[in-house]
Amino acid sequence: MRFVDEFRDAELGRALAGEILATVEPGRHYKVMEVCGGHTHSIYKYGIDDLLPANVELVHGPGCPVCVIPMGRVDDGIALAKEPGVIFTCFGDMMRVPGSQGTFMDAKAEGADVRMVYSPLDALRIAKQNPDREVIFFAIGFETTAPSTALTLKRAKAEGVPNFSCVCNHVTIVPPLKALLESPDLRLDGFIGPGHVSTVVGARPFHFIPADYGRPVVIAGFEPLDVLQAIHMILIQIAAGRCEVENQYKRVVPWEGNLRALDAMAEVFELRPHFEWRGLGFISQSALRLSEAYADLDAEQRFSVPGVRIADPKACQCGEVLKGVIKPWECKVFGTACTPEHAIGTCMVSPEGACAAYYNYGRFAREREVV
Amino acid sequence: MDDHCTTCGDLGVEMEVLRVDEDRALALCRDAHGTRSTVEIGLVDAQPGARLLVHAGTAIARLEEQRA
Chain F
671 MRFVDEFRDA ELGRALAGEI LATVEPGRHY KVMEVCGGHT HSIYKYGIDD LLPANVELVH
731 GPGCPVCVIP MGRVDDGIAL AKEPGVIFTC FGDMMRVPGS QGTFMDAKAE GADVRMVYSP
791 LDALRIAKQN PDREVIFFAI GFETTAPSTA LTLKRAKAEG VPNFSCVCNH VTIVPPLKAL
851 LESPDLRLDG FIGPGHVSTV VGARPFHFIP ADYGRPVVIA GFEPLDVLQA IHMILIQIAA
911 GRCEVENQYK RVVPWEGNLR ALDAMAEVFE LRPHFEWRGL GFISQSALRL SEAYADLDAE
971 QRFSVPGVRI ADPKACQCGE VLKGVIKPWE CKVFGTACTP EHAIGTCMVS PEGACAAYYN
1031 YGRFAREREV V
Chain D
989 MDDHCTTCGD LGVEMEVLRV DEDRALALCR DAHGTRSTVE IGLVDAQPGA RLLVHAGTAI
1049 ARLEEQRA
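Chains as they are written, first to last, in this note's numbering: chain F, 671 to 1041; chain D, 989 to 1056.
Residues on chain F that point at chain D, a partial pick, calculated with CB under 7 Å:
hint, residue
1, L821
2, V870
3, V922
No lab work stands behind these hints: they were computed from the structure. Ideal Cβ placement from N, Cα and C applies to all residues, glycine included.
Based on the sequences and whatever the hints tell you, model everything.
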């Protein structure tokens, strides 16, 4: 398949691994964070980690939208799903994310009308087909899915669909990166930038990382050669004493982003003063809510929601995994009490979660040859 | 793309445009497995034959040629 097969070529992969080995300084340890859960997934699916020298360590970042949803928001959603006459819609993975009293799947089993959708447009369609019911869409995701929600809300407003509303949990990628860079727990040497978020926001929002924190960023695609090449580009920057934002994923990411998507988001959303992230706590201006012009489509204003903050289960160490402080297999409940079938923490729910990626692909390469 | 995450889309789906309905900003598209679906194309320039990156039913980018 075009754009895919050529980026999975094993021979080119081995050649790139050799170039990476030749670029690293023996005795120096490199910590590179892959910001996006999609990269985490690719790294373990294709065994990219095993191709790297032992002194190049990949640290998993907070870029999985399911993993960062706090339990209180799930509880709020379940309370809405149980409102009489409501059809509650959400993406598939969200169905299995545990709140304090269970999941959306459990709520469905107890009689709530919870339906899985692939797109917010599907939710809008359900609203048009059921004019006597209130249809709520539980929106999650970074800047990759926020444009889709924005366009759907614009359609709902233009077409006058009074029974459609949205719980907005969209988050933005830059504030948690700033929080991580300020964290004393973590010393990082560079970042593999989020490929698809960057198709929307462009490269400019990441300039603060080299400018203010002196770390290189390479925006990367999701095929194995993309990830390997991005790691190589970061290591070349470090070796040359350079520090800038580079774009490895030029076939998809325009430097300036998608201006039409940014315009739609600016019209429909505004920044929340603060938002809670699982494991990272409250981060200022890190999430979106509906703007004043779209307040009538905001489910949080149309309905009463509990809005209670729920602490994560004590056994769960998703927070430390999301910050890259511990590896998934270092969590006390990894693979025992917490599995994809019975997840305690969100990182085990989504295929993009670091714990699920480790668990599903059996990547336990904890000892590698030291260069 | 196999086993992609339906929630975020950071592993988005690459699709080819088959037919465009410009009035409604929608396009009939096909993925690598041949599955057809309707995609919102309000954010990109999409003509039949174009390849798009689709997240949650919305195309957010056009794919351009790049050599591995």
